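Listed below, chain by chain, are the residues.
Number of protein chains: 2
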Amino acid sequence: MTKENLQTERTRLSRLPKRGAFDRETIYPILDEAFICHVGFIVDEQPYVIPTGYARIGDDLYLHGSSASRMLRNLALGVDVCVTITLIDGLVMARSAFHHSMNYRSVVILGKAELVEIAEEKKRALEAFSEHVIPGRWAEVRPPTELELKATSVLKLSINEASAKIRTVAPVDDEEDYALDVWAGVLPMRVTAAGPIRDERLAEDVSLPDYVANYKR
Amino acid sequence: MTKENLQTERTRLSRLPKRGAFDRETIYPILDEAFICHVGFIVDEQPYVIPTGYARIGDDLYLHGSSASRMLRNLALGVDVCVTITLIDGLVMARSAFHHSMNYRSVVILGKAELVEIAEEKKRALEAFSEHVIPGRWAEVRPPTELELKATSVLKLSINEASAKIRTVAPVDDEEDYALDVWAGVLPMRVTAAGPIRDERLAEDVSLPDYVANYKR
Numbered sequence: 047m048t049k050e051n052l053q054t055e056r057t058r059l060s061r062l063p064k065r066g067a068f069d070r071e072t073i074y075p076i077l078d079e080a081f082i083c084h085v086g087f088i089v090d091e092q093p094y095v096i097p098t099g100y101a102r103i104g105d106d107l108y109l110h111g112s113s114a115s116r117m118l119r120n121l122a123l124g125v126d127v128c129v130t131i132t133l134i135d136g137l138v139m140a141r142s143a144f145h146h147s148m149n150y151r152s153v154v155i156l157g158k159a160e161l162v163e164i165a166e167e168k169k170r171a172l173e174a175f176s177e178h179v180i181p182g183r184w185a186e187v188r189p190p191t192e193l194e195l196k197a198t199s200v201l202k203l204s205i206n207e208a209s210a211k212i213r214t215v216a217p218v219d220d221e222e223d224y225a226l227d228v229w230a231g232v233l234p235m236r237v238t239a240a241g242p243i244r245d246e247r248l249a250e251d252v253s254l255p256d257y258v259a260n261y262k263r
Numbered sequence: 047m048t049k050e051n052l053q054t055e056r057t058r059l060s061r062l063p064k065r066g067a068f069d070r071e072t073i074y075p076i077l078d079e080a081f082i083c084h085v086g087f088i089v090d091e092q093p094y095v096i097p098t099g100y101a102r103i104g105d106d107l108y109l110h111g112s113s114a115s116r117m118l119r120n121l122a123l124g125v126d127v128c129v130t131i132t133l134i135d136g137l138v139m140a141r142s143a144f145h146h147s148m149n150y151r152s153v154v155i156l157g158k159a160e161l162v163e164i165a166e167e168k169k170r171a172l173e174a175f176s177e178h179v180i181p182g183r184w185a186e187v188r189p190p191t192e193l194e195l196k197a198t199s200v201l202k203l204s205i206n207e208a209s210a211k212i213r214t215v216a217p218v219d220d221e222e223d224y225a226l227d228v229w230a231g232v233l234p235m236r237v238t239a240a241g242p243i244r245d246e247r248l249a250e251d252v253s254l255p256d257y258v259a260n261y262k263r
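Respectively, the protein sequence lines represent chains Y and S. The opening residue of the first sequence carries number 47 in this note's numbering; numbering runs sequentially from there. The opening residue of the second sequence carries number 47 in this note's numbering; numbering runs sequentially from there.
Simulated from the structure, these hints should not be mistaken for lab results. Hints may be right or wrong, so weigh each one.
Note: identical chains are not told apart, hence a pair may lie in one copy or across any two.
What the hints assert, rightly or not - With a cut-off of at most 30 Å between alpha-carbon atoms, the simulated DSBU-like pairs for lysine-lysine come out as follows:
1) Lys169 <-> Lys211
2) Lys262 <-> Lys158
3) Lys64 <-> Lys196
4) Lys158 <-> Lys211
5) Lys262 <-> Lys169
6) Lys211 <-> Lys262
7) Lys64 <-> Lys211
8) Lys211 <-> Lys196
9) Lys169 <-> Lys202
10) Lys196 <-> Lys169
11) Lys202 <-> Lys262
12) Lys158 <-> Lys169
Computed from a predicted model, the values in this text were never measured in an experiment.
Only chain Y is shown next, with the shape it has when bound in the complex (with noise of 0.2 Å):
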């Protein structure tokens, strides 16, 4: 992977700029880890914004739904899209009010998204799908049939045009401020998972993969 710069005017960070990266390197991982994005597009002048699963494959991100979403079907037809994912990992607490902050890694990429046609690609992508919200999962579950794949639309994003938004330290307060008898400090924040709730039809025999015993993120 080379290091290449995917900052363009419209991705430039007007303030900030230190907090913006513009590298594959950085934001590959924030794609890996997160696992929804909210997908902006316009419909008659009106932006909308729908939160979806995606996946990423080399340097293409895949989206996917059934071919009747609405969402789905103007994406198709090429427009201008712009998908951010976000990941929140804590809360910064100043000592005053202004300074209070969230450290966060998120990623904004631009470009135009095309209907995925070719049957193996499509079916590469739904793999990917699924083993990066679940990874073990696919080799599990029954395929898709042939009507299953038609009636579900995948879409394909080249990550060209894209930046990378992170803030990651302790609060930073004004000088005079550090003397106030006020708590401040980071408070973590993860997207964590409780425990599994077995399907009411499934059989008794049936044990629980460790795949979702260990679920992390």
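Assemble chain S onto chain Y, guided by the hints.
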């Protein structure tokens, strides 16, 4: 609170309408539980989606940030925005790849934001942001100065055109797949706080407040 319908042709759900809701009673608890939204807006015909904090007071949603922020300066022009809030509640594992899903609660709000110019309303919104993310914090910290208030922009979006989309149930498999020997169920997902990290410059006698120690969303 009257049972009012916030549905318009633009917030109508074209697919799976049974997952939709359009009343404040359903929408507000989602807004109050989450604390990050994704704001969509258009600049030069390109959609942008930016994550940010927010707070709700009554039927208004408030956003805030640096007065120098490109996003806030754009939104303050009164352009069309879409604010989307998403809570991921669980991974839904079916016996077939096709019927995998997620449990989630999301809200989409459409409208135009306006700059809050009244100092009292601005202060009230800043307190609401703080109390929305960390209840109990506002009373302890150094309040904003006049200069800090000037450096902060607050925007207001009336919640009048909105929809919620909710999935809460177990996997739904094709009848013939229930016989398969594949674990199925829901893996609940939560946002949790890990152990607080004290700021290095914090005096030793400042103890951890209860609202941090017992933080829950």
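Q | Hints that the structure is at odds with (numbers, increasing) | A | 2
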